[in-house]
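Whole structure, please, built from the sequences with the hints as guidance.
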Amino acid sequence: MIGLSHYLIVSAIIFSIGLVGVLRRRNLLMLFFATEVMLNAVNIAFAAISHYYNDLTGQMFAFFVIAIAASEVAVGLGILIVLYKKHGSLDLDDLANMRG
Amino acid sequence: MYEIVAFYLFSALTIGLFFVTVMSKNILYAMTSLASGMVLISGFFFVLGADFLGVVQLIVYVGAIMALYSFAMMFFDATRDIKERNTGNALVFLLGGLSALVLVLIFAAPIHSDAIQALYPMHEGVGNAQDVGIVLFTKYLIPFEVAAVMLLVAMIAGIILAGKKMDASLTEDISVDDEILVVKDEK
Numbered sequence: 039m040i041g042l043s044h045y046l047i048v049s050a051i052i053f054s055i056g057l058v059g060v061l062r063r064r065n066l067l068m069l070f071f072a073t074e075v076m077l078n079a080v081n082i083a084f085a086a087i088s089h090y091y092n093d094l095t096g097q098m099f100a101f102f103v104i105a106i107a108a109s110e111v112a113v114g115l116g117i118l119i120v121l122y123k124k125h126g127s128l129d130l131d132d133l134a135n136m137r138g
Numbered sequence: 599m600y601e602i603v604a605f606y607l608f609s610a611l612t613i614g615l616f617f618v619t620v621m622s623k624n625i626l627y628a629m630t631s632l633a634s635g636m637v638l639i640s641g642f643f644f645v646l647g648a649d650f651l652g653v654v655q656l657i658v659y660v661g662a663i664m665a666l667y668s669f670a671m672m673f674f675d676a677t678r679d680i681k682e683r684n685t686g687n688a689l690v691f692l693l694g695g696l697s698a699l700v701l702v703l704i705f706a707a708p709i710h711s712d713a714i715q716a717l718y719p720m721h722e723g724v725g726n727a728q729d730v731g732i733v734l735f736t737k738y739l740i741p742f743e744v745a746a747v748m749l750l751v752a753m754i755a756g757i758i759l760a761g762k763k764m765d766a767s768l769t770e771d772i773s774v775d776d777e778i779l780v781v782k783d784e785k
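Those protein sequence lines, which keep their order, are chains A and B. When the letters of the first sequence are read in order and numbered with this note's numbering, they come out as residues 39 to 138. When the letters of the second sequence are read in order and numbered with this note's numbering, they come out as residues 599 to 785.
No wet-lab data here; the hints were simulated from the structure. Treat the numbers as computed from the prediction; the structure is a model and nothing was measured.
Okay, derived cross-link-like pairs now, DSS-like style, lysine-lysine, Cα gap no bigger than 27 Å in a straight line:
1) Lys762(B) - Lys123(A)
2) Lys681(B) - Lys124(A)
3) Lys623(B) - Lys123(A)
4) Lys123(A) - Lys681(B)
5) Lys762(B) - Lys124(A)
6) Lys681(B) - Lys623(B)
7) Lys124(A) - Lys623(B)
Listed next, the stretches of chain B that the computed footprint assigns to chain A, with coverage defined by at least 3 CB atoms under 8 Å from CB atoms of chain A:
8) 602–613
9) 629–641
10) 656–666
11) 746–754
For glycine and all other residues, C-beta sits at the position ideal for the given N, C-alpha and C.
Structure follows, in structure tokens:
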């Protein structure tokens, strides 16, 4: 039988995949993909806890996470396009211009 | 039985696809694997009985967000492989795994207490969408409205940020544009 811990372990594995992606990616678009992976992992955990505790609060939080992810993508892609117009690349090492 | 098969199939496929997303050098491969992983995550939601959340995941993530990403990918050169300077891959894996473990322990620690009780329990014989609607429009009405305003603000910000000088090409340099203009003029 599949218990709550199974879902939480899968969610933790996916979250750590996303975290590794955030740490190793240098391209900004790929960095956004890694954050989406992390948000999805959290949503799995919310839905699983909601199911096993017979409580709807987890699903509510998952809805708000999805809404926040949508607005994050809208603003983030706008900023990405502006950065690409200004610098001609999306590499984080090229964008690091605050080094004194 | 059916739940066990679905769980292991979905989890193996999702982990593999997201691994491709994080490790691939090609933006196109990363994006398609991310989209298919999100479809499989909605499968998780259907198995867990959160039907409405699964449908929202399909519509918003696979429909809207991936369409937005593919739209943004048209501005950047997607066929070219990305060159990234990666520092210490093993160290990154170790640090990522360890910090994810710590985060999971922090957030899972309160669950092990028995003090958790259902605030908004699901009702028997009522569909999931109806249940979600009742709770969302009574107990979570103000966060819902705030999320709506936030989406509006994000939409305006996206239009203003991306909308300037949209007639100019991003990937081609100006000389190529000039050549096209010259060819058009000759015609």
